[in-house]
Amino acid sequence: MAASSATSTAVYVYGVVRADELRAVAAEGVAGTAVELLEHDGLAAVVSKLPAREFRVKRRDLQRHLQVLEEAFAEATIVPCPFGTVVLSEEDLERVLLAERRDELLAALERLEGKVQLNVKAVYDEEELLRELVQLDPELERLRIATKRLGDAGYYEQIRLGELIAAAVSQRRETDASRLLGQLADSTDDAVVEAGGAYVALKASFLVSRKKLKTFDKALERIAQAEQPVMRIEVIGPVPPTAFAAPAAGG
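Numbers 3 to 253, taken from my numbering, label the letters of the sequence shown in order.
Treat the hints with care, since some could be wrong.
Calculated cross-link-like contacts (lysine-lysine; reagent style DSS-like; alpha-carbon spacing at most 25 Å) [unchecked claim]:
1) Lys220 - Lys205
2) Lys214 - Lys123
3) Lys123 - Lys220
Ranges between beta-carbon positions, derived for each pair [stated by the list, open to error]:
4) Ala169 - Glu196: 18 to 24 Å
5) Gln69 - Asp188: 30 to 36 Å
6) Gly34 - Ile238: 23 to 29 Å
7) Lys213 - Ala101: 32 to 38 Å
8) Ala101 - Leu138: 57 to 63 Å
None of these hints come from the bench; they were simulated from the model. Every residue, glycine too, gets a C-beta built ideally from N, C-alpha and C.
Please model the complete structure; the sequences and the hints are all you need to start from.
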């Protein structure tokens, strides 16, 4: 996101905390800058000041952005802002984010208090899944045998087999995603689901109360054991709730 202005500095925003919960952040900010807190009416924006002229946040700054969030998250409830959120001045920050969206931010802080994010991916073993699908569908089994027998002469059978497999995988993915979300619902407060690819049953970020972390972990363990060898479960977290971020300050 670019920022250009007659002023000499712009303000990069990492997130918003309650003013009395966070004293300082030692982590290096984007572009190697210091991290500061700008307070307004009981809220504090975690920010870095940057040269306004021709400044662009680069992808390599993402790690710094996340490190700042993690340090702040260790001390306070934080409503993260999306990576690359830049406003033109402190005055704009106070007006557009801390003042105009104060009620929204206070509600978000209350909602996120005591909660963490866990990123979960359920990934199919392609060979195991296809083996299971073929066993369950006589037409897939018939076409599989026919394509092996016919070789290059079975061109149209190969196309048909590919179409049926793609449809079966898609249907299985949809069914499994719904089932997995249901199995985790009791131990989570919210979920954000992302597209994950043909052989990813579920890719989602879950908002989980710290009090329910053990329950969530046990639910994942049960799922992982039950789904072997067709599916494996990958988990990252707890991390700051970036999937449940505040709107961009300029939005």
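message = Taking the earlier hints as the rules, which of them does this structure contradict?
response = Every hint satisfied by this model.
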